[in-house]
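Following the hints, position chain D against chain H.
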Amino acid sequence: MYQYDNIDQTIVNERVAQFRDQTSRYLSGKLTDDEFRPLRLQNGLYIQRHAPMLRIAIPYGLLSSKQLRKLADIADRFDRGYGHFSTRQNLQLNWPKLEETPDILEELSKVEMHAIQTSGNCIRNITTDQFAGVAPDEIIDPRAIAEILRQWSTFHPEFSFLPRKFKIAVSGSKQDRAIVQAHDIGLEFYYDKKQKMAIRVWVGGGLGRTPILGSVIREHLEWEHALTYCEAIIRVYNLHGRRDNIYKARIKILVKALGIEEFKKQVEAEWLHLKNSPNTINENELKRVAKFFTSMPYEKLNDQDDVFDQAIQNNKAFASWVKRSVHPHKQKGYQSVTLSLKPHGLAPGDATSDQMRIVAELADQYSFGELRVSHEQNLILADVKLKDIFNVWEKAKAHQLATPNIGLLTDIICCPGGDFCSLANAKSIPIATSIQEAFDDLDYLHDIGELELNISGCMNACGHHHIGHIGVLGVDKDGSEWYQVTIGGKQGSDASLGTVIGPSFAAEEMPGVIKKLIDVYIKQRNPEESFIDTVRRIGVNPFKEHVYA
Amino acid sequence: MLNSQLILNQSIIDDEWTFVALPSGNEEIKKQAGKVVLFKLTGESSPSELQINETVIPQNSKIILPLSVYLKNREALKTRLKNNEIALWLATHETLHALITIEKDINIFPLIAIFVERFQDGRIFSLGNLLRTRYQFKNTLRAFGDVLQDQLFYLKRSGFDSYLIKTGKDVHEALKALQSFSDPYQGAVDIKEPVWKRRVRS
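In the order they appear, the protein sequences are chains H and D.
Numbering of the first sequence is given in my numbering, commencing with residue 1 and proceeding in unit increments.
Numbering of the second sequence is given in my numbering, commencing with residue 1 and proceeding in unit increments.
Extracted from the complex, chain H is given alone in its bound form:
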C-alpha cells in the first residue's frame, strides 16, 4: 500500500498543528460556532447528539495492520473501546471529546492517517472497490489513480468551499463495486482500442434527498487528464451550483437543471483551458505511485487444497460460511475473505477494539499485513491462502467476526441513525437488529439468498437505502419515527433506484413487513432467481398488495 514520504508526512503534521490552533482559538472564543463549523467538519468532526463524532479517513478503504492497531488504541484511549465502519469506508468514533481531537489526529499522523476532508463541503475521501488489485474481473487496478486523486484533492485551494459535499469514486473492474453511478464524479477505468488506460467519466449521481444515477459526461478520457478534467467539472459546479438552498446544492441538481448536454458543453469549454495544464499527471508520477500497489509476493500454489476441501466436507458451518464470505482471487491458491461486522443483534459496522486487534493479527498472519474496509461495512482480508482459510474462520468465529451472512438479508448496511446522529429523523440500528433477530435461522437466510437491505435514518441516505434491494428510510411524522420502504434498488453496473411501496410503518412493524416481502419473493421466484431479479420481473405491485393486505 501507499507509504508516506517526507512531503506527505509534513502535510499531515502541519494539518495537526493547524487544527490544534483552530480548536484552541474556538475554545478561547476567538472563533465563533459558525466560523469553526466548516473547519472542524473538514477534519471530520461533527457535534452530535451525545458527544462529538470523529470520522477518520481510510483512503479507498485500505488499511495496514499497524494502522488498525492504532485505531484500536485510539478507541480505547479516547473513546469507549469501539468504532463504526461507515458506508464510505471510513471509521467513526462516537464518543471523542472536542478538546482531545487534536491529540487523536496527532496519534493518527504517526501511522500515516488523518481525518482530512471526511466531511464538509469539499472533495471527500476517494472510494473504490474493496477487491481492488485482487479481483479476477479487474481490468485496471484503480488504487494508484485513487491515491493521486487523494493528494490532488487534499486542501485543493479552489475547491475547499464548494456549494455542497463532493464525492468521487473510482473503479476498474467489469462488475462495478464502487457504485460509480451514485457519486458526484465516478471514474471508470478501461483499456481503449489502442490498449491505453482510459476513463469513462460519470457525473451527477448521488443518493440523499433527491436520488439520481449519474450520466456519462465523457466516454473516453486519457488517464493523464484525470485531474484537469475533474477540475473543469468542479469549477463549473463551484461557480454555478446553487448556494441558496442546501437541498438543491449538490452537483446532480445543477446537471439536471442544465441537462447533461449543456453541462458537458460548459465543462468541455472550461477544460480547453485546463487541458495539459501543470496538474496533468505524467508517466513518472503514475509509476512512482503504482509501485506501492503491485501484487503481493504470492507463493506458487495449486487451485485446490486438500485441507480446505476436507474442512468443507466435514464441517457444515464452515462450508456455509465459505459460501458467503470467501471470494475468488486472481492468484491461484488464494482467496479473499470477508469478516462480517454484522453479527445478529448488534449495530452493523461496529467493531470493538479487541476485534480490531484480532483482525490486525489475522492480517499479519494470513494476508500480508493488510486489510480493506468495504462500503458494505465489513472487513476484508484480501490475500488468504486456501489452506489457511479454515484457521482464519476458527479465529474469526471465536470473536464474532464470522457470521455467515455476507450478501444476505442480515448483512444490513446501516447508518448510525438517531441513536447517535443529530441529522437523523429516526433510529436505524434498532430496526437493523430487530430484522436480524427475526431472520436468525441461518438455513432460511441462505435459502433466501442474495439480498441487500439498506437502512438510512434520514434522507441524507448514509445507509444508501435507494440502492438497497430493500431500502428502509427513517422519516419523522409529527415528532414520531416512521419507516418508508422501497424495493428494487440495486448497486453495480446495472444500478437502479428503489420504488416506494406505500405509506410508512412503525418500528415494531418492520420485521413483519420484511417477512411479507420475502414471502412474496419465495412464492414467486423462479429457480435460481434472486430477490432483486424477481422484483425486476414481476414489478412492485404483488409485494405492495401483500404487505398492505
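Don't read these hints as lab results, they were simulated from the structure.
Honestly, I wouldn't trust all of these hints.
Stretch by stretch, here's where chain H covers chain D in the computed footprint (C-beta under 8 Å, at least three residues) [claimed, not checked]:
1. 6-14
2. 78-87
3. 174-183
4. 187-199
When the alpha-carbon atoms are kept at most 20 Å apart in a straight line, the in silico EDC-like pairs for lysine to aspartate or glutamate are as follows [said to hold, decoys possible]:
5. D/Lys192 to H/Glu224
6. D/Lys197 to H/Glu224
7. H/Lys30 to D/Asp161
8. D/Lys40 to H/Asp244
9. D/Lys62 to D/Asp15
10. D/Lys192 to H/Asp244
11. D/Lys192 to H/Glu283
12. D/Lys31 to H/Asp244
13. D/Lys166 to H/Asp33
14. H/Lys427 to H/Asp478
15. D/Lys169 to H/Asp21
16. H/Lys30 to D/Asp150
Note that the coordinates shown come from a computational prediction; the quantities given were computed from them, not determined experimentally.
Quick reminder that beta carbons are idealized off the backbone N, C-alpha and C, glycines included.
Just chain D, lined up with the frame of chain H:
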C-alpha cells in the same frame, strides 16, 4: 503598530484606496423553508439602475468602484484611470464576462477586489484563479468582506495577494495562516507545478 486590517503579500499596510459602496437598494429578502436566503446565485442581476445612478463617485482620491458603476461611467473616468486612481470590485455572484468583454486588457486597473459576503462562498477562489490564469491579471488582487484567517492560505493559492481582514479579527494572527503548509500537493496559481514536478519524490 499600524491600525490597519489590510495585508499585502506578507505585510500589514495602510489602505490607500477609498472603497465606494453601492447605496442600499430595496434588497429583496428571499425565504426558503422559513430560512432567510443569503446567497445570490452566480449571474443573478446585480444593483439596480437606480443604485448605480445614485452612487456618489468621490473626486479626489484613489477609489475602488463597483464594476457596474465603472461600466456606466467608463468614458468619464478615462483620465483618472490613466492616473491609476480607479480600481474595481465585484461580488462573488457576479461573472467576469461583463468586464472582459468591455476591457480587453484588465491590467489597466491597478487593483481588483472581490467581495465575499460569507466566508463559505468558495466562488471567490475560482474568480481569483480565472483572473490570474485565464485573464492574466498581474496587479493587486484583494479579498474583502468576510475574510478570515483560516481561508487565507486558499486565497493566496488562488492568486490573491491582498486581504482586508474582517473588522474585529486579529490581523497579526491572520498573517501566520499564510504559511500553514510548506509544500502543498497540487499545482495552483501561486505555485503552478504539482509537488511531483517540483521535487523528486522518493
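Do the hints match the structure? See the list:
1. For the segment 6-14 of chain D, the assignment as covered by chain H is violated, since 0 residues bring a beta-carbon within under 8 Å of that chain's beta-carbons and 3 are needed.
2. Taking a C-beta to C-beta cut-off of 8 Å, the segment 78-87 of chain D contributes 0 residues in contact with chain H, too few for the three needed, and the coverage statement is violated.
3. Counting residues of the segment 174-183 of chain D whose beta carbon lies closer than 8 Å to any beta carbon of chain H gives 4, which reaches the threshold of three, so the coverage claim holds.
4. Under a criterion of three residues with beta carbons nearer than 8 Å to beta carbons of chain H, the stated coverage of the segment 187-199 of chain D is upheld, 10 such residues being counted.
5. A threshold of 20 Å between alpha carbons decides the hint, and for D/Lys192 with H/Glu224 the separation of about 17 Å falls inside it, so the pair holds.
6. Note on D/Lys197 and H/Glu224: the hinted pairing holds, with a Cα-Cα distance of about 14 Å set against a maximum of 20 Å.
7. Proximity of H/Lys30 to D/Asp161 is assessed by CA-CA distance (about 24 Å); at most 20 Å being required, the pair is judged violated.
8. Between D/Lys40 and H/Asp244, the direct Cα distance comes to roughly 7 Å. Compliance with the 20 Å bound is thereby established for this hinted pair.
9. The hinted pair formed by D/Lys62 and D/Asp15 meets the criterion: a straight-line CA distance of about 10 Å does not exceed 20 Å.
10. Taken as a hint, the D/Lys192 and H/Asp244 pair is broken in the structure, with Cα atoms around 33 Å apart against an allowance of 20 Å.
11. Of the pairs offered as hints, the one joining D/Lys192 and H/Glu283 holds, with about 19 Å between alpha carbons and a cut-off of 20 Å not exceeded.
12. With a CA separation close to 10 Å, the supplied pair D/Lys31 and H/Asp244 stays within the 20 Å bound.
13. Distance restraint check for D/Lys166 and H/Asp33: the Cα-Cα separation of roughly 16 Å lies within the 20 Å cut-off, and the hinted pair is therefore satisfied.
14. Restraint check: the Cα-Cα separation between H/Lys427 and H/Asp478 comes to about 15 Å, which is no more than 20 Å; the hinted pair holds.
15. Between the alpha carbons of D/Lys169 and H/Asp21 the distance comes to roughly 15 Å, so the proposed pair stays at or under 20 Å and holds.
16. For the hint linking H/Lys30 to D/Asp150, the alpha-carbon distance of about 12 Å falls within 20 Å, and the restraint holds.
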